[in-house]
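Using the sequences and the accompanying hints, generate a full structural model.
These protein sequence lines are chains A and B, in that order.
Numbered according to UniProt numbering, the first sequence terminates at residue 349, and the numbering increases by one at each position without gaps.
Numbered according to UniProt numbering, the second sequence terminates at residue 349, and the numbering increases by one at each position without gaps.
Hint data in this document are derived by calculation from the structure and do not stem from the laboratory.
Owing to the predicted nature of the structure, the values given are computational and were not obtained by experimental measurement.
One or more of the hints may lead you astray.
Copies of the same chain look alike in the list, so a pair counts if it works inside one copy or between any two.
[Stated by the list, open to error] Computed list of lysine-lysine pairs in DSSO-like fashion (alpha-carbon distance at most 27 Å, straight line):
1. Lys253 / Lys94
2. Lys178 / Lys228
3. Lys253 / Lys15
4. Lys322 / Lys39
5. Lys228 / Lys292
6. Lys245 / Lys228
7. Lys94 / Lys218
8. Lys228 / Lys285
9. Lys178 / Lys209
10. Lys228 / Lys253
11. Lys324 / Lys209
12. Lys245 / Lys322
2 protein chains.
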Amino acid sequence: MSTLCQPNVLFPQYKITQEQMIEHLENLHGDHPRMSLAKRMIQNTEVNSRHLVLPIDELSVHTGFTHRSIVYEREARAMSSAAARQAISNANLKPSDIRMVIVTSCTGFMMPSLTAHLINDLELPASTVQLPIAQLGCVAGAAAINRAHDFASLNNRNHVLIVSLEFSSLCYQPDDTKLHAFISAALFGDAVSACVLRANDEAPGFNIKSTKSFFLPKSEHFIRYDVKDTGFHFTLDKAVMNSIKDVAPVMEKLNQDTYSQQCAENDFFIFHTGGRKILDELVNKLSLPADKVAPSRHSLSEAGNIASVVVFDVLRRRFESKPKTGSVGLLAAFGPGFTAEMAVGQWAA
Amino acid sequence: MSTLCQPNVLFPQYKITQEQMIEHLENLHGDHPRMSLAKRMIQNTEVNSRHLVLPIDELSVHTGFTHRSIVYEREARAMSSAAARQAISNANLKPSDIRMVIVTSCTGFMMPSLTAHLINDLELPASTVQLPIAQLGCVAGAAAINRAHDFASLNNRNHVLIVSLEFSSLCYQPDDTKLHAFISAALFGDAVSACVLRANDEAPGFNIKSTKSFFLPKSEHFIRYDVKDTGFHFTLDKAVMNSIKDVAPVMEKLNQDTYSQQCAENDFFIFHTGGRKILDELVNKLSLPADKVAPSRHSLSEAGNIASVVVFDVLRRRFESKPKTGSVGLLAAFGPGFTAEMAVGQWAA
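This is the structure we're talking about:
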């Protein structure tokens, strides 16, 4: 039995509304033949605002991968420690109780990883296992949870600190003028989360019962990076929107095998917000009451798609709604591969 | 009980001797004030030859991170599948038996990770757990082994495929003229390995009994990347040479706790080859007979420091020397952080 404790989610100081973002793109690419289509599509994302690590004016002139990597490391060091200290406290633990630290981040690259910084800054034990995950994109948060659950299953003192950190704005490529690049530039947001998975049930939270990984064959082109002199360039194939029909039966089976009930009978859902359409598809293919995915819609609206941080932001909202002990929930996220990671469990208040 | 089965190690087609590399550097930087010191230091590395994914003449003009990333992905796809098929066969398994795929590589970046390519190309199960590790550098191979051992400890059918792939030559920065950059350019080599960790003892190999992670506080500057428009720039602080004295007692304790004997009493060692001095320090601080680290010295001499692939190349040599069943061994690697991962176990013929 492992428990996802109350996460701590931090947002960087700059904020941009979707109206401001559209205005920004129109100023940059006003003569682009598909700008009015892009504008309509961005309005359809249901993202109202996003947080950014730098002001949009600074991001609109690409300062180079060298400079962006310096900004990434500076902000990552500053924000991750603060987030982590609070998360360890939320779990009623001390830094010396942590046995593994996982960092997920696909929007910058550091070696040593931020795991080393966290061990130093928080004074975690010298025997702490480090697991930095950079290449699982939006599914990395749920993948970290599932790997932490595996590690916790080995020993009831194997508590895991998970820090997820995404500065998607540092992957904003103002010179990319394909339609999907405009949408991405208005969809992804910046955020940092920290969360402890306790290797027992001695704190309130989401008790994980079982987990599952899923890979959709021949879908590597759905979500990918081109790695260039200017950094990571995100590309998306709209075929990804049809992938939920393939993963929904896997979610149903996991739910059925664990609790002998259909997903629609669950009390709550902690879903990644790939975007509005992905959430619509989940509601549709799992036959869910629409309000059950409201926390994911609120996260999307207020912060954009914050990649590997999303599941923790939705979990945070779940804590605020104070679910009843014993209520059944399903956590799931999706990302490049195409890959899904999911976990089912029960709430313990 | 888990078993590291016979690995498969592949080298790219181009080869350069150390004499050719020195000649190359002298041609590029003949007027550098420290070139004769660099030459002596390179001769002291005891690296005789290395394999490269491109001819040295092509590498000597930096074609940009965009182009190098394309080469990285092309070669990674081509070489990893071939290596993996043979490794699965070595373990007397079929692709459908694999439950987790780990890819370690710090010398290029892909998203989706090569884990996705391997699931597609080898037709691994859709439920395969993916664990790409990019930020643990030279320690990643041993870290992968230890995480695979953890996963295998959960279920005796949790067989893990580990593919390690390093094209260090694609991080060669011909314009870096610091002394340590010259040494790095002549130290690191290219290689690909694949190895299966079986979740039981039904194949010959290295039975892992227990594992340990170690982090040396305040040592993030020992081994690090600067991430620039031109890709990853490796930097090394010579203070790293003094780190073995701190990790040796941890290795001794793991060995003592598991087999009630000192490391010097072990039958064999599977050591990462950070370089000649690191091996000298291991021999010295663990009071080992010098010939016990010969397979690591041979790997260094014939292939250079092949980063996360090293432990698998040394394991391959161990298989060739046909150890006796029951002989006790210690596997250890070191990398950025400063981080060490180690495992002790016994040979099963």
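Now the hints, each set against the structure:
1. Lys253 / Lys94: between (37 Å within a copy, 25 Å between copies)
2. Lys178 / Lys228: both (16 Å within a copy, 25 Å between copies)
3. Lys253 / Lys15: This pair counts as neither: shortest intra-copy Cα distance 40 Å, inter-copy 51 Å.
4. Lys322 / Lys39: neither (38 Å within a copy, 67 Å between copies)
5. Lys228 / Lys292: neither (40 Å within a copy, 44 Å between copies)
6. Lys245 / Lys228: neither (33 Å within a copy, 40 Å between copies)
7. Lys94 / Lys218: between (44 Å within a copy, 20 Å between copies)
8. Lys228 / Lys285: Intra 37 Å, inter 44 Å, cutoff 27 Å: neither.
9. Lys178 / Lys209: neither (43 Å within a copy, 53 Å between copies)
10. Lys228 / Lys253: neither (40 Å within a copy, 45 Å between copies)
11. Lys324 / Lys209: within (17 Å within a copy, 42 Å between copies)
12. Lys245 / Lys322: This pair counts as neither: shortest intra-copy Cα distance 31 Å, inter-copy 51 Å.
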